[in-house]
Amino acid sequence: MLSRTADHMYWMSRYIERAESVARLVDAHYRMSLLPHTPQTLADSLGETMKALHMDEAYKQKHSSIEPRAVFEFITLDRDFTGSIYSCLRCARENARAVRGSLTSELWETLNSTWLDARSQIVRRSAAQIDIGQFVEWVKERSHLTRGVTIGTMMRDEAFHFTRIGTFLERADSTARILTAHQGDLVPGADAGVVPDPFQWSVLLRALSAFEVYRRVYRDVITPSRVAQLLILRDDMPRSLLRCCKEVYINLKAVANEQSAETERRAGEMHAMLHFARMEELNAGGLPQFLEQFLAKLDDLGHRIASDFLVPPAEA
Amino acid sequence: MLKTPYDEMYLKGNAGRAHYLGYSRWLEGQVGDRLAQKRAEADALFHRVGITFAVYGQDEGAERLIPFDIVPRVLPHEEWIRLEAGLKQRVRALNAFISDIYHDQQILKAGVIPAEQVLCNSQYRPEMQGVDVPGGIYAHIAGIDIVRDDTGEFKVLEDNLRVPSGVSYMLENRKMMMRLFPELFSANRVAPVDHYPDVLLDNLRSVAPIGVADPTVVLLTAGAHNSAYFEHAFLAQQMGIELVEGQDLFVRDEAVFMRTTQGPQRVDVMYRRIDDDFMDPLVFRPDSMLGVPGLMTAYRAGHITIANAIGTGVADDKSIYPYVPEMIRFYLGQAPIIGNVHTWVLRNPVDREYVLAHLPELVVKEVHGAGGYGMLIGPASTLDEIENFRRQIIATPERYIAQPTLALSTCPTFVEAGLAPRHIDLRPFVLSGREVTIVPGGLTRVALREGSLVVNSSQGGGTKDTWVLES
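Top to bottom, those sequences are chains A and B. Residue numbers for the first sequence follow this note's numbering, beginning at 1 and rising by one. Residue numbers for the second sequence follow this note's numbering, beginning at 1001 and rising by one.
None of these hints come from the bench; they were simulated from the model. A quick note: this is a predicted structure, and the numbers were derived from the prediction, not measured. Even glycine gets a Cβ: it sits at the ideal position worked out from N, Cα and C. Mixed in with the good hints, there may be bad ones.
[What the hints assert, rightly or not] Only part of the chain A face toward chain B is listed, based on derived beta-carbon distances under 10 Å: (1) I151; (2) M154; (3) E158; (4) E212; (5) V255.
Go ahead and model the full structure; you've got the sequences and the hints to work with.
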């Protein structure tokens, strides 16, 4: 397939996944904002989250302090901020439109009407009139629908694999950043003595659809090392780092070309490392350092995929 | 001053024409606001499917629908048979003409067309002189604009031999009609059109460079911001070929390759939807970012087929149009089946004198104008506009032609106030390759403003489904 087509497919699915990830974070915080708690806890959590997602600088340019409603509106609806859900949906649709002929019509129509609906919901009303909780719920549903249509209608060819690579690279990135935002709560010392903050835990777990899973898997109180285990090393947890790396590796192998051997090796290495790792080792080296390295490797992988497949050097 | 236009559906006294009876009876049976509902449904569907064209310079993502009218334009079988024969004849002659111009120029030597009018035309491409193309076919896809005058006679208004567009609307309009009114199709014998992409692909494959057994065909687009992008993406998808942009292609050793995820892949046939000027910055406009540097070298070496060929504009220019009936006689030795609209060529003093004396009743067109721009419709213009045009004609007469103001035929159309007659034309798409084929019908365009004769979508035109009835 055309390199440019693969590039658009890859970014289309990255953007829709990113929209979902942001929607999940907003959703989790929004629910908590409705419960009684100290306002500072919510503001701190939002602050850490924006920092981990590199949204804090852009936010500070518009607002002087962290005020939950302002944060929600900024990262959900802001039409100028490139990281907002609104912008992600627009970019997903623009990438899809550039290759609409290579998408199934069901997939194109899903992405197109998601964008048209989002635009009319946001453009017709002032931000204050929008029910943020309902909106992000809707974004999650549209992302689920898009993924379902992708899996249910696309041929299992290169186009499909590049779409999947985009999805899982983005998801790995998102999970790693959410973990980064909560790394303070994940230090093993928190197991003993300090009472873990239930508010923080539920935000983290809900944002990753892991709250119910945790209960089912551990049937016990929430402890930092189990949370980390679940979100980093569990193969059957769809948003864990291991699962995402495994999917990236599998899909990358399916599209291998003459120059992609090294990229494939590095993806395999990331997968193998997580596959055979134990939580104790990760903790011994320091979880923050681990997450930082992981994000750097992910970034490297993204660049390598781009130059091997998506935007090949001028003349082959 | 205007003659009474021919009504496609009704005879004088409001009796339905025979071929429209099936439809008009159904129409009378529609109660309440069913039609209005169906029209709203059609709009919503077109938006969702994204059958839109980009509007330049507006708010982010502003895209507009080309209005679709739910009343079909119906052509009886016998009329179509004659039209089809006339269109094939005309396009054969046009292809023979282009081939002749880029080889021996017999028609110029015979004095049928003044040589300077061809060779000094900006659409004449000296780069094509002596270049052989597969099958001698230049205009592989031709859109011939047909109108019906007040006597009911079909006339050719314009030939489009460069990158004619609109065929996707022909296909989508049919799909929409079948979805909205399935009962109409079980009650009427409407010739199908949905095989057009198959015929087009077969046609493109048939003109591949000699010796290429299984040609790779691509569609070259200017990109997602082009106003006709929907059609490019649609056709590429329907044919199952790659939709490429200039940046996806490169030339090596006089051959064209596309960049794929598995390395370079050779391209044999290019269905291009950008103008000659932008095709190769090394030969034509150097500032073009849309084309492929070196493309002409590969083309002249015969290593790729470009459809339509470079240089077809020399045959669809409005200054050449008056000579097409002569071309048919010259190359085919036949009388034209469909005639031209009478045309005065203003470079010619006798014609000019007549036109300047009758401006308020004529249509004056710029030779190189397109899209309904740069024209004067005498009866609909103010005195100032007419005088302004008069000055321009006197200054540069060779830039203009004139035609009588045609009473284009009308077809009932769904407007705000209900059903009302609106002027229409017809653009059938003629495919030339191993043979000449036409999918029955074409795109019917309709001028939605009352009294307007301009059917172009950029000027408030809409489209209709076009039915050719089977015998």
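Under the criterion of a CB-CB separation shorter than 10 Å, is E158(A) in contact with chain B as hinted?
-> With Cβ-Cβ at 6 Å, under 10 Å, it holds.
Hey, does the M154(A) contact hint survive, CB to chain B under 10 Å?
-> With a closest approach of 13 Å, the M154(A) hint is violated.
Hinted contact I151(A) with chain B - closest CB pair below 10 Å = Check failed: Cβ of I151(A) comes no nearer than 20 Å to chain B, outside 10 Å.
Mind checking the CB of E212(A) against every CB in chain B and telling me if the closest is under 10 Å?
-> At about 35 Å, which exceeds the 10 Å cut-off, the nearest Cβ of chain B leaves the hint on E212(A) violated.
Are V255(A) and chain B close enough, Cβ to Cβ, to be under 10 Å, as the hint says?
-> holds, 6 Å
When the structure is compared with the earlier hints, violations turn up for hints 1, 2 and 4 and for no others.
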